[in-house]
Amino acid sequence: MPSEKFVFQCKECKGNNYVTGKNRQNVRDRLTRKKFCPTCGHHTEHSETRNKTIQSK
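Numbering-wise (the numbering used here), the sequence shown opens with residue 3 and increments by one.
One should not assume that every hint holds.
Stated by the list, open to error - Simulated pairs of lysine-lysine, DSSO-like, Cα-Cα distance not exceeding 27 Å:
#  : residue 1 : residue 2
1  : Lys16     : Lys37
2  : Lys36     : Lys13
3  : Lys37     : Lys24
4  : Lys7      : Lys24
5  : Lys36     : Lys16
6  : Lys7      : Lys36
7  : Lys13     : Lys37
8  : Lys13     : Lys24
9  : Lys37     : Lys7
10 : Lys36     : Lys24
For the record, the hints were derived by calculation from the structure and aren't laboratory data.
Whenever a hint applies, use it, and build me the whole structure from the sequences.
See below:
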């Protein structure tokens, strides 16, 4: 099964900053990472958005 792509959203400013992929068979939980937010200007917690799924080919 190919991995699905998801958008990471900043928890502070709600900006959609990063796109990443994951295999739903291996990782069932929502991903959360601490990444740099260019809108906020510092490292913040980013979480996987539920409604912004991008289908990969």
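Right, here's what the structure says about each hint:
{"no.": "1", "hint": "Lys16 - Lys37", "in the structure": "holds, 13 Å"}
{"no.": "2", "hint": "Lys36 - Lys13", "in the structure": "holds, 10 Å"}
{"no.": "3", "hint": "Lys37 - Lys24", "in the structure": "holds, 17 Å"}
{"no.": "4", "hint": "Lys7 - Lys24", "in the structure": "holds, 7 Å"}
{"no.": "5", "hint": "Lys36 - Lys16", "in the structure": "holds, 14 Å"}
{"no.": "6", "hint": "Lys7 - Lys36", "in the structure": "holds, 18 Å"}
{"no.": "7", "hint": "Lys13 - Lys37", "in the structure": "holds, 11 Å"}
{"no.": "8", "hint": "Lys13 - Lys24", "in the structure": "holds, 20 Å"}
{"no.": "9", "hint": "Lys37 - Lys7", "in the structure": "holds, 17 Å"}
{"no.": "10", "hint": "Lys36 - Lys24", "in the structure": "holds, 17 Å"}
The structure meets every hint from the earlier list without exception.
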